[in-house]
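S.K.: For chain A, the structure is supplied; the task is to place chains B, C, D and E on it using the hints.
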Amino acid sequence: MFIARVTGSVVSTQKVATMTGHKLLVVEPYRLDDKKRQSLVTTGRTFIAVDTLGAGENDFVLITQGSSARLTPETKVLPIDAVIIGIVDQVHIDKFSVYSRNESNDR
Amino acid sequence: MFIARVTGSVVSTQKVATMTGHKLLVVEPYRLDDKKRQSLVTTGRTFIAVDTLGAGENDFVLITQGSSARLTPETKVLPIDAVIIGIVDQVHIDKFSVYSRNESNDR
Amino acid sequence: MFIARVTGSVVSTQKVATMTGHKLLVVEPYRLDDKKRQSLVTTGRTFIAVDTLGAGENDFVLITQGSSARLTPETKVLPIDAVIIGIVDQVHIDKFSVYSRNESNDR
Amino acid sequence: MFIARVTGSVVSTQKVATMTGHKLLVVEPYRLDDKKRQSLVTTGRTFIAVDTLGAGENDFVLITQGSSARLTPETKVLPIDAVIIGIVDQVHIDKFSVYSRNESNDR
Amino acid sequence: MFIARVTGSVVSTQKVATMTGHKLLVVEPYRLDDKKRQSLVTTGRTFIAVDTLGAGENDFVLITQGSSARLTPETKVLPIDAVIIGIVDQVHIDKFSVYSRNESNDR
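Residue numbers (this note's numbering), protein chains in the order written: chain A, 1 to 107; chain B, 1 to 107; chain C, 1 to 107; chain D, 1 to 107; chain E, 1 to 107.
To be clear, the hints were calculated from the coordinates, so they are not data collected in a lab. One or more hints might be untrue.
[To be verified] Residues from chain A shown here face chain D by an in silico Cβ test under 7 angstroms; the list is partial:
1. LEU53
2. LEU62
3. SER68
4. THR72
5. VAL88
6. ASP89
7. VAL91
8. ILE93
Source: prediction; values computed, not measured. All C-beta atoms, glycine included, are put in the ideal place defined by N, C-alpha and C.
Chain A on its own, in the form it takes in the complex:
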């Protein structure tokens, strides 16, 4: 899996029938800042993932890719290769907190 930040959404009317009603979010994968190792920074990439958890903009989420994206109750038969499997509360690296959802929301 990888950590990503939710930054937007996609609207698509003409689509494969089974996709109707599924929320499509824009997510940007993040990685550890490799200099200071004290924060998460964007990789500059842009993916689209299905959300079944009610993630909102600026939330950090866990993304599963590939066939395992179909291993949630809501996505079993969908033609998708990326799904949000969790909303991230905290990330610790080298015993340092590099992300905390509460602090982030206060900003």
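M.R.: Using the frame of chain A, we list chains B, C, D and E on its own:
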């Protein structure tokens, strides 16, 4: 999934028998422009995807890769690893519209 | 899928038993030249794919990766992750012909 | 598979129900230092993997990606694409020891 | 598949039970030198693959990734994403021999 722009098509006569009659489009993955974050820009990559939705040149589409490309009614038994699952109407990032199909078609 | 040029072949005697008799070709993925957008250029990568279609050196082919490489009649039980699913006759991008097999063979 | 160093952990409360109780570790893929070829160096990437083996911070581990991440007894039905399948004791390259868990722990 | 050179091995004692007794080799993917196109050069990446064929250090091998790594008799139920499916004897590119196992072993 990722967002891509349809830019062309491929003709192939000698092919695996099950591929007969399936439209093959050239698609170029796009990502958010990471400076201004106000438009989508090409990643410079070139993929080929099966289209079952009638996507046309310059349309932005959603591409699913891997085994899930076989999870649409028309592609169940095909030896493919990429399919168009939706034609994109709108993409919003940071609450800003970075793509709208209508405006795009007017240009 | 992606477009690749067939540039060579691999000989392997000690191999998984089911691989016996399957042709292994060296293929180099190509992408659109992103400056002029009028020709295909190599990505500099080197892959090996199974060929069941009789592709020859310099042919441009369509490559399927992953589990779908096993979705052809000849490759169902093979431990492979890449197969040639078509020999490319023509590629059009931005309504411009960026590759035509006939012209290419004349050169 | 690839070798990675465990450098942190992720806490997620809102998640797909089946993920409850599974430990999520931050792992950073390593590769051979290609100049001297005598040590492992980070690739600068950041992944999240499920741990069922009790790996601890600074351990080097083997990561399996994709559908095979579901081929362990504890992960069969999980929507995950990365799992730790072993804790690395030693890595030899060119007959040189580039990593030994014991020496590493002494430091 | 891709061509890789076997350069080392990994020892892991604490691991998923089904992995017991399986040989884990360090393999480095190679690609065609894109200037002269007359030799294979390392990509600088480092992978770990299961070996069932008795490959030795410096052998060039064919690596299959993903779910197909489980399509050999010895690896059917293993949580692995990379396996050696053949030991390479010869690689020809542009009709030029870029690798021959016999010559390589003489050096």
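S.K.: Run through the hints listed earlier and report the numbers of any the structure violates, in increasing order.
M.R.: Every hint satisfied by this model.
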